[in-house]
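Since chain A is already given, all that's left is putting chains B and C on it; use the hints.
Protein chains in written order, with the numbering used here: chain A, 1 to 291; chain B, 1 to 347; chain C, 1 to 267.
A portion of the hints provided could be inaccurate.
Once the Cα atoms are required to be at most 25 angstroms apart in a straight line, the calculated PhoX-like pairs of lysine-lysine come out as [stated by the list, open to error]:
#: 1; chain 1: B; residue 1: K201; chain 2: C; residue 2: K133
#: 2; chain 1: B; residue 1: K227; chain 2: C; residue 2: K131
#: 3; chain 1: C; residue 1: K252; chain 2: B; residue 2: K201
#: 4; chain 1: B; residue 1: K201; chain 2: C; residue 2: K156
#: 5; chain 1: C; residue 1: K60; chain 2: B; residue 2: K227
#: 6; chain 1: C; residue 1: K131; chain 2: B; residue 2: K201
#: 7; chain 1: C; residue 1: K82; chain 2: C; residue 2: K60
#: 8; chain 1: B; residue 1: K227; chain 2: C; residue 2: K119
#: 9; chain 1: B; residue 1: K227; chain 2: C; residue 2: K133
#: 10; chain 1: C; residue 1: K82; chain 2: B; residue 2: K227
#: 11; chain 1: C; residue 1: K252; chain 2: C; residue 2: K240
These are calculated hints, taken from the structure and not from any lab test.
This one's a predicted model, so the numbers in the text were calculated from it and none came from an experiment.
Letter by letter, the chains look like this.
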Amino acid sequence: MSTFMQLFLRSLETGSIYALAALGIIIVFRTSNITHFAQGALGTFNTFVVAILFTNYRFPLWAAILAGILSAFVMGLMVDYFIIRRAKKIAPIAKQIITLGMVLVIVGVTAISFGLDPFILPKLFPKGDVMIAGASISINGLFNIGFGLVLMGILFVILQKTKWGLAVRTTASNEFTARLMGVPTRNVTMIAWALAGVLGVLAGVMYAPLNRVDAGMLDYVQISALVACVLGGFQSFHGPIIGAYILAIAKNLMSFYWSDVWAEQLVLIAVLIFIIFRPNGIIGRKIVKKV
Amino acid sequence: MIKKLSSYKKGQPLIKNAYMSYALFGLFLALMPLFGYLGIIKSSYVTIIASVIYYSIAALGLNVLLGWTGLISLGTAGFMGLAAYISAYITYNMHLPFEIALVTAVVVSTLLGVLVGYISLRIEGIYLAIATLAVAEILRKTFEVFDPFTGGASGKPISYPTLFFFYKYSRADLKIFETLLYLILVLFLIAVMILVHNLMKGQVGRALNALRGSEAAAQAMGINLLKYRLFAFGFASATASLAGVLYVHYNRYTNPDRWLLALSLNLVAAIIIGGVRNIYGTILGVFIVVATKDMVLAQIPYFANNPNFALMFNGILIILIILYYPYGLIRIGADLKKLVVKIKEKF
Amino acid sequence: MDELQNKTVLSIQDLSISFGGIKAVDHLSFDVDEGEIFGLIGPNGAGKTTVFNCITQFYKPNHGSIRFKSKQGKTIELTTHKVHEVIGYGLVRTFQNVELIKELSILDNVLIGGHIDFKTSFIGQAFNTKKSKAEEALYRQEAIEILTFLGIADRKDWLVYGQPYGILKKIELARSLMCKPKLIILDEPAAGLNDLETLDFAKVIRQIRQRYNCSILLVEHDMRLVMDVCDRICAINFGKFLAVGTPGQIQKSPTVQAAYLGTENPA
Numbered sequence: 001m002s003t004f005m006q007l008f009l010r011s012l013e014t015g016s017i018y019a020l021a022a023l024g025i026i027i028v029f030r031t032s033n034i035t036h037f038a039q040g041a042l043g044t045f046n047t048f049v050v051a052i053l054f055t056n057y058r059f060p061l062w063a064a065i066l067a068g069i070l071s072a073f074v075m076g077l078m079v080d081y082f083i084i085r086r087a088k089k090i091a092p093i094a095k096q097i098i099t100l101g102m103v104l105v106i107v108g109v110t111a112i113s114f115g116l117d118p119f120i121l122p123k124l125f126p127k128g129d130v131m132i133a134g135a136s137i138s139i140n141g142l143f144n145i146g147f148g149l150v151l152m153g154i155l156f157v158i159l160q161k162t163k164w165g166l167a168v169r170t171t172a173s174n175e176f177t178a179r180l181m182g183v184p185t186r187n188v189t190m191i192a193w194a195l196a197g198v199l200g201v202l203a204g205v206m207y208a209p210l211n212r213v214d215a216g217m218l219d220y221v222q223i224s225a226l227v228a229c230v231l232g233g234f235q236s237f238h239g240p241i242i243g244a245y246i247l248a249i250a251k252n253l254m255s256f257y258w259s260d261v262w263a264e265q266l267v268l269i270a271v272l273i274f275i276i277f278r279p280n281g282i283i284g285r286k287i288v289k290k291v
Numbered sequence: 001m002i003k004k005l006s007s008y009k010k011g012q013p014l015i016k017n018a019y020m021s022y023a024l025f026g027l028f029l030a031l032m033p034l035f036g037y038l039g040i041i042k043s044s045y046v047t048i049i050a051s052v053i054y055y056s057i058a059a060l061g062l063n064v065l066l067g068w069t070g071l072i073s074l075g076t077a078g079f080m081g082l083a084a085y086i087s088a089y090i091t092y093n094m095h096l097p098f099e100i101a102l103v104t105a106v107v108v109s110t111l112l113g114v115l116v117g118y119i120s121l122r123i124e125g126i127y128l129a130i131a132t133l134a135v136a137e138i139l140r141k142t143f144e145v146f147d148p149f150t151g152g153a154s155g156k157p158i159s160y161p162t163l164f165f166f167y168k169y170s171r172a173d174l175k176i177f178e179t180l181l182y183l184i185l186v187l188f189l190i191a192v193m194i195l196v197h198n199l200m201k202g203q204v205g206r207a208l209n210a211l212r213g214s215e216a217a218a219q220a221m222g223i224n225l226l227k228y229r230l231f232a233f234g235f236a237s238a239t240a241s242l243a244g245v246l247y248v249h250y251n252r253y254t255n256p257d258r259w260l261l262a263l264s265l266n267l268v269a270a271i272i273i274g275g276v277r278n279i280y281g282t283i284l285g286v287f288i289v290v291a292t293k294d295m296v297l298a299q300i301p302y303f304a305n306n307p308n309f310a311l312m313f314n315g316i317l318i319i320l321i322i323l324y325y326p327y328g329l330i331r332i333g334a335d336l337k338k339l340v341v342k343i344k345e346k347f
Numbered sequence: 001m002d003e004l005q006n007k008t009v010l011s012i013q014d015l016s017i018s019f020g021g022i023k024a025v026d027h028l029s030f031d032v033d034e035g036e037i038f039g040l041i042g043p044n045g046a047g048k049t050t051v052f053n054c055i056t057q058f059y060k061p062n063h064g065s066i067r068f069k070s071k072q073g074k075t076i077e078l079t080t081h082k083v084h085e086v087i088g089y090g091l092v093r094t095f096q097n098v099e100l101i102k103e104l105s106i107l108d109n110v111l112i113g114g115h116i117d118f119k120t121s122f123i124g125q126a127f128n129t130k131k132s133k134a135e136e137a138l139y140r141q142e143a144i145e146i147l148t149f150l151g152i153a154d155r156k157d158w159l160v161y162g163q164p165y166g167i168l169k170k171i172e173l174a175r176s177l178m179c180k181p182k183l184i185i186l187d188e189p190a191a192g193l194n195d196l197e198t199l200d201f202a203k204v205i206r207q208i209r210q211r212y213n214c215s216i217l218l219v220e221h222d223m224r225l226v227m228d229v230c231d232r233i234c235a236i237n238f239g240k241f242l243a244v245g246t247p248g249q250i251q252k253s254p255t256v257q258a259a260y261l262g263t264e265n266p267a
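Just chain A, with the same shape it has in the complex:
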């Protein structure tokens, strides 16, 4: 039981990371109707910013992280202002390809500005373990789980209860009508991209101590986040988050009880099989297209 609990807690930690990334993707998707393929690349770039400030410029970790969040926010704004706005009139597929182009640009810029050597980013709480139901988890892990849940909770309260949340939801349901009704859809999409950037760097900073900071660090997180959106369904904000936790749990259980090297592949195959039976995901509903 305690092994299971241990695996479960660890899954919650990686699940939180996938969930933050997935939330960024779904917010962009719902407000700009673009699948954000550059979420992982942007997150990686800003995690490098954090690592450089911490390692080379001797910033305290919390200050480096704050700077990283700021840089992610500004980059998100810039992506929307300089690229996405100019792409309003082009075909949806071309917008997707723009985010693919962004991946190449960001990966290139990351390597040019920060070099190819990996960095190490320590945990925010370097020491200490807690016992929960016979399983031990690091304080940092517990913090990550709690932080992820609280942050997402706050975002959901904002989405449901505040005026800005209402603006996001109306933009998500129909941008054109929202604009006619006086919703500042431009600002909404801009903030959505910025928020996605912030969620990306948070995922990166949480993921870095488990691994290291290098160019491909968030590749698997990016894939998991997109697959989580498919699993949970693109039609709600909470579906992808549920999908993210399920993915993390499934992967950890499979790699422990079955096979370490095949778990990743088997989970992805399982999701592909799942969408044969539930094409619109766990929380999905079918959309009637107007002609």
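Leaving out everything else, chains B and C in the frame of chain A:
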């Protein structure tokens, strides 16, 4: 008014007969090893041109999917890799002729593609991109860990295959095999160009154009969306597989790092940069993305030390071209000509 | 399923569809006869386009039957068919907001209408066989004939992009004629046209009926066009049936007047 409208007429190609132009282009490519031998071009350029050729084969299929059909696949590298490993296993480990390996690898890898396409295309176009991304990741990881088949992370070196069912490789024939495989590459490229040309100018091409331009109109005109999307993706998978087979036998080596997402993205970049829905545009794009890095940038010391500039340039080019020059660089010649005429008219 | 009787080509019975609790079409029934020009009218939001989308299977109705006498002479229950299968029975439509492929030439756009008639396989086309070439040439000729009939053959090689609205409407019409239809459904064919173009369009609609020996079902806001060109008209409001009859009868119908003008005591 009429004059202004007529400028929207389709441009006339340089050589009227398209097949003739493909044949001449093929002849030109086929002469490259000779040029290399005679010292007209650096002999290392032949290898670079060979890489332009096999990546062009994959990119042409991808253009059918991306340009004509309006769907994104991020699995091109994965399918290339799968076919490369399968065919390498068949010729090198099972000692069977190249032709058998080619057919088997292309069929298996295409069937996998069609299966993935069928699952994801039933839902929405964009699901194909995510599903292929997932499949590419599955394949990448499998190439790394499935040692007996792929040789794992250290890669799989092979020797030249038996050609035409009888011509076995021996060390003495190294040059001949190298040239033969190069010529096979050229042959396949021209074949794929003609295939794409024929398919896209007729009913199939119109159907793909229609479902990209207006799903509603396409359906009302009797076009089965799933069938045609699946055809386009199957075609893209098949050319990717073909390219993978040719890659591994021309280079006699493969490892998991050759089949990463970056390759798939670079091929998307090639199509956008060169020209969507344009056969020569695709090849121009692949040339820009693949060859300029080695032929031009590598000559400039600063860029030679920072190969990631190429990635960044490709990314910037994608974004700029989509926003401001959507038909790609293949149109530059025609547009410049128009500009010259305009300027002449003014003076 | 009952066979359709002698003259009826399309029979809608008890059709209902609702979106999120709102009934867009509510137990609607009407028949269209062979060779008839039939108008469907109603105030804004009456559900006319929804009816069209139900007939052409873009929407699956919640209830009711839509029977069609196909060009093969059989009675078909359309609701059991997929969107792309409908045209094969000789039922074709145009769209309210012209749905053409801008990057293709006018001729290619018209050829898309002949899609289902092409018999050459993918492989035949890939190798550009004789059969494939012959078929392509045949339908190209046919498309040019249609464009000539509609008076726009001179611009067949131009891109659709940048063409004036009146021409776009004609291209869409030409495309729908490629399949030799038995029933053409026109969704607001005169919307966006000026008076002169509308008059021309009325003439074209009559010519089409004569030349192709087909029925035409149209939704239109321009009352002059409807009254001028239709043999019979069905009026609906809020998805419900109001009246059916000749233009004269509809004009005099008190229920129709009430729906359009509003009365203090709705009938």
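Check your understanding: Which of the listed hints are not met by the structure?
Key -> Violated hint (a single one): 3; every other hint is consistent with the structure.
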